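Residue numbers (UniProt numbering), protein chains in the order written: chain A, 1 to 215; chain B, 1 to 99.
Check each hint, because a few of them may be wrong.
[To be verified] Footprint (simulated), chain B over chain A, 3 or more residues, beta carbon under 8 Å:
(1) 8-16
(2) 33-44
(3) 106-112
Worth flagging that the hints you see were computed from the coordinates, not collected in a lab.
Quantities reported herein were computed from a predicted structural model and do not represent experimental measurements.
Backbone N, C-alpha and C fix where the C-beta goes; we use that ideal spot for every residue, glycine too.
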Amino acid sequence: MSSENQPLDSLQDVRDIRKMMERSSRFTSLSGLSCVAAGICAMAGAWLARYFMGGYYGDDLSRWIYSDDSFSLLRTQLLLTAAGTFGAALLGAFFFTWRKAKGHGETLGNHASRKVFWSMAVPLITGGVFTLGMLHHNEWHFVAPACLVFYGLGLVNAGKYTVADIRYLGYCEIALGLVNVWFTQRSLYFWTLGFGVLHIVYGVIMWWKYERAKA
Amino acid sequence: MKNPITGLNKIFDNRIRLGVMSVLVVNEEVSFNDLKQMLEVTDGNLATHLVSLEENGYIKVHKGFIGRKTNTTYSVTKIGEKAFSDHITALENMIKGFK
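Use the sequences and the hints to build the structure in full.
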């Protein structure tokens with residue numbers, strides 16, 4: 001280090017330090033488009049669920065029998081729809097994030113992305129098992145609120161290791177889920193609002209804020 | 001150990017050692033492979049610098065196993081944290097001084 005270069009060198013050192021701190025502790029390649037894709041999948045899934053439920057209930061929403069064969073068919077249809085929606089949303093989210101990561105020279109399997117994964121996985125798996133347990137007891141009232149609340153907690157948790165704004169989406173999901181507890185007859189609408197509309201809105205905002213200029 | 005004129009820490013003159021410290025101060029524990037990936041350096045190069053940081057008491061090494069594969073992780077010590085933050089303060093002062 002020659003003395004006349006020192007201020008420049010120091011500035012470069014500080015920039016490097018900052019970059020390494022950011023890069024090692026946060027996964028910044030989460031794409032807004034991933035969220036939009038997940039939102040669209042959720043909307044499609046909700047529409048399909050509504051269609052199956054319409055087929056079962058018809059116009060008579062008072063037909064609440066949970067043991068006959070047509071109900072077990074409905075349950076299978078809804079579970080398959082849920083699994084399909086989840087799979088498609090995950091795939092879509094994965095694709096756009098992978099694309100963005102590739103552009104940044106960041107890999108999906110790095111230290112930070114693993115932290116995001118685990119911080120999401122703990123609340124999500126807990127919520128998933130909890131929800132399946134409720135379904136096992138034919139307790140469907142709180143399925144949608146539980147999905148929203150646990151997902152929201154996962155996002156808030158993951159906000160420590162990725163784009164911090166994701167926490168706000170998490171708070172919205174939690175709030176929506178809690179309100180939903182008092183309006184369980186309207187669960188499908190809450191679910192669609194939380195997983196569909198909020199994702200799309202959040203995704204568009206994120207894209208606008210961080211990716212628009214580079215695209 | 002310290003540069004008498006500027007207060008900069010000689011150990012952190014090296015980009016790789018500086019990088020290792022930057023990563024370790026914000027992460028509890030980082031494995032050798034993760035460090036290698038983040039800093040984009042070769043095994044041998046990284047290992048040399050890790051040894052020198054360890055000898056200075058700036059980082060701690062934990063040797064563990066995942067199945068049969070060795071999994072060595074590193075974390076920063078109190079002394080290392082102090083040295084790093086002093087170094088940053090010195091860098092800041094220098095940038096301020098020359099502005």
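Hints, one by one, checked against the model:
1. With 5 residues carrying a beta carbon less than 8 Å from a beta carbon of chain B, the region 8-16 of chain A meets the three-residue requirement, and the given coverage holds.
2. Here the region 33-44 of chain A counts 0 residues with a CB under 8 Å from a CB of chain B, which misses the bar of 3, and the coverage is violated.
3. Coverage of the region 106-112 of chain A by chain B holds [criterion: at least 3 residues with CB-CB distance below 8 Å; count 3].
The earlier numbered hint that this structure contradicts is number 2, and it is the only one.
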